[in-house]
Structure formats: C-alpha cells, structure tokens
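Asker: With the sequences and hints as input, model every part of the structure.
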Amino acid sequence: MEKGKETMLNLILKGGPVMYPLLICSFISLTITIERIIFWSIERRRMDPKLLDEMFGEIEKGFYEKAITLGKKSKGYLIKIVCSALSHHKPSRINMLEMAADDEIDRMKRGMAVLDTIITMAPLLGILGTVTGIIVSFDFLGQASIEDPKAVTGGIAQALITTAAGLIIALATIIPYNYFIVKLEKAARNIEKCTTSFEIFHKKAKDEDKS
Numbered sequence: 001m002e003k004g005k006e007t008m009l010n011l012i013l014k015g016g017p018v019m020y021p022l023l024i025c026s027f028i029s030l031t032i033t034i035e036r037i038i039f040w041s042i043e044r045r046r047m048d049p050k051l052l053d054e055m056f057g058e059i060e061k062g063f064y065e066k067a068i069t070l071g072k073k074s075k076g077y078l079i080k081i082v083c084s085a086l087s088h089h090k091p092s093r094i095n096m097l098e099m100a101a102d103d104e105i106d107r108m109k110r111g112m113a114v115l116d117t118i119i120t121m122a123p124l125l126g127i128l129g130t131v132t133g134i135i136v137s138f139d140f141l142g143q144a145s146i147e148d149p150k151a152v153t154g155g156i157a158q159a160l161i162t163t164a165a166g167l168i169i170a171l172a173t174i175i176p177y178n179y180f181i182v183k184l185e186k187a188a189r190n191i192e193k194c195t196t197s198f199e200i201f202h203k204k205a206k207d208e209d210k211s
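Just so you know, we're using the numbering used here here: the sequence shown kicks off at 1 and counts up by one.
Because the hints were derived from the structure by calculation, they are not lab data.
Backbone N, C-alpha and C fix where the C-beta goes; we use that ideal spot for every residue, glycine too.
Each hint should be verified, as a subset may be incorrect.
Think about it this way: if two alpha-carbon atoms lie no more than 27 Å apart in a straight line, the pair counts; the simulated DSSO-like pairs of lysine-lysine are [unchecked claim]:
no.: 1; residue 1: LYS73; residue 2: LYS90
no.: 2; residue 1: LYS90; residue 2: LYS193
no.: 3; residue 1: LYS109; residue 2: LYS75
Label pairs and their calculated CB-CB ranges [unchecked claim]:
no.: 4; residue 1: ASP102; residue 2: LYS75; range: 14 to 24 Å
no.: 5; residue 1: PRO17; residue 2: ARG107; range: 28 to 38 Å
no.: 6; residue 1: PHE27; residue 2: PHE63; range: 44 to 54 Å
no.: 7; residue 1: LYS203; residue 2: ILE168; range: 49 to 59 Å
no.: 8; residue 1: ILE38; residue 2: LEU171; range: 36 to 46 Å
no.: 9; residue 1: ASP53; residue 2: LYS186; range: 10 to 20 Å
no.: 10; residue 1: ILE175; residue 2: LYS61; range: 41 to 51 Å
Answerer: Pasting the structure below:
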C-alpha cells in the first residue's frame with residue numbers, strides 16, 4: 001500500500017506543474033459524479049406514479065386543495081411541479097407550471113457544464129504537459145552531454161505522464177457524464193408528459209366549472 005502511494009506521488013512529481021491542474025480536475029469530476037449519483041438515487045426513490053395519478057384525478061374533478069394535500073406526501077420532482085402550479089391562482093397556474101418545470105430541469109443540470117468542461121480541458125492540459133515536457137527535453141539536449149541521458153528522459157517522462165493523466169481523467173468523466181445525460185433526457189420527457197397532462201386536466205376542470 002505504501003509502495004503504491006510512493007509510486008503515485010513519484011508519477012505526479014515527474015509529471016511536472018501541469019499535473020496540479022489535472023489533479024484539481026480529477027477531484028472536481030469525482031466530487032460532482034458522486035453528488036449526481038446520490039442526487040439521481042434519491043430522485044428515483046421519490047418517484048410515485050400512483051400518487052401523481054391520484055392528484056390528476058382530483059385536479060380533473062376540480063378538487064385542487066385535495067390534490068395539494070396528496071402532493072405533500074411526496075417530494076418527487078413531478079409532484080413538486082404540480083403542487084407549485086396548484087399553489088397559485090387559476091390564471092397564473094400554467095405559467096407557474098412552466099417555471100417550476102424549468103427550475104427542476106436546472107436543478108438536474110447542476111454540475112453538468114463543469115463535467116463537460118473537464119472532458120474537454122483534461123486532454124488539452126495533457127497536451128500542454130506534453131509540449132512543456134518536450135521543450136525541457138530539447139533544452140537538456142542542447143546543454144547536457146550524451147553521457148547524461150536522465151536529463152533528457154525526465155522531460156520525455158513528463159510528456160507521457162501528463163498525456164496519459166489527461167486522457168484517463170477525460171475517459172473517467174465521460175462515462176458518468178453520458179449516464180447523467182440519459183437520466184436528464186428521461187426526466188425531461190417525464191416532465192413534458194406531466195405538464196401536458198396537467199394542462200389537459202386543468203382545462204377540463206375549468207370547462208366543467210363554466211358549464
């Protein structure tokens with residue numbers, strides 16, 4: 001275990017100064033990934049399709065207060081959107097529905113832009129490390145004698161380590177990123193279906209009130 005830590009530390013030191021922003025990128029990526037996994041796990045447990053159907057049944061009948069009371073039993077994002085709309089006056093309910101839906105989508109997108117940036121940035125930082133490593137190697141080639149090969153190989157090692165680190169971080173980030181994108185798209189479709197259903201049942205209840 002100790003030997004593994006020493007090897008990792010040596011690789012970081014050999015990679016040069018570019019390894020520090022790469023380490024920061026890996027830490028941020030890991031933090032956001034863990035947070036998003038927990039977030040989506042909680043949201044999945046909160047989903048309650050049966051309760052949502054019961055709420056729509058009450059909305060269709062025009063029993064809005066009863067629908068709100070039912071909604072308080074769950075913290076699922078679809079039920080929160082419906083409850084946000086119902087908590088406002090009739091003329092502004094559809095607008096509030098759209099605003100609540102946008103807020104939930106924004107909440108689900110949290111951290112995604114950062115992960116996307118890391119996927120692009122990490123390989124570029126790796127290339128930057130490669131360039132600086134090669135510059136160091138050529139600099140030593142111009143100064144050192146042939147009998148001093150370590151001076152040259154140190155720069156080449158720096159170039160290879162940073163390139164590998166950048167690619168590893170990008171690859172390790174793109175997998176959870178694509179997973180979260182799929183989850184986000186599915187949630188967006190669920191929200192679209194929910195808002196459409198709300199508009200239909202709300203309109204039906206209003207038409208029945210007028211008749």
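Asker: All hints are to be evaluated individually against the structure, with a verdict given for each.
Answerer: Verification of the hints:
no.: 1; hint: LYS73 with LYS90; verdict: holds (23 Å)
no.: 2; hint: LYS90 with LYS193; verdict: holds (20 Å)
no.: 3; hint: LYS109 with LYS75; verdict: holds (18 Å)
no.: 4; hint: ASP102 with LYS75: 14 to 24 Å; verdict: holds (18 Å)
no.: 5; hint: PRO17 with ARG107: 28 to 38 Å; verdict: holds (37 Å)
no.: 6; hint: PHE27 with PHE63: 44 to 54 Å; verdict: holds (51 Å)
no.: 7; hint: LYS203 with ILE168: 49 to 59 Å; verdict: holds (53 Å)
no.: 8; hint: ILE38 with LEU171: 36 to 46 Å; verdict: violated (22 Å)
no.: 9; hint: ASP53 with LYS186: 10 to 20 Å; verdict: holds (19 Å)
no.: 10; hint: ILE175 with LYS61: 41 to 51 Å; verdict: holds (47 Å)
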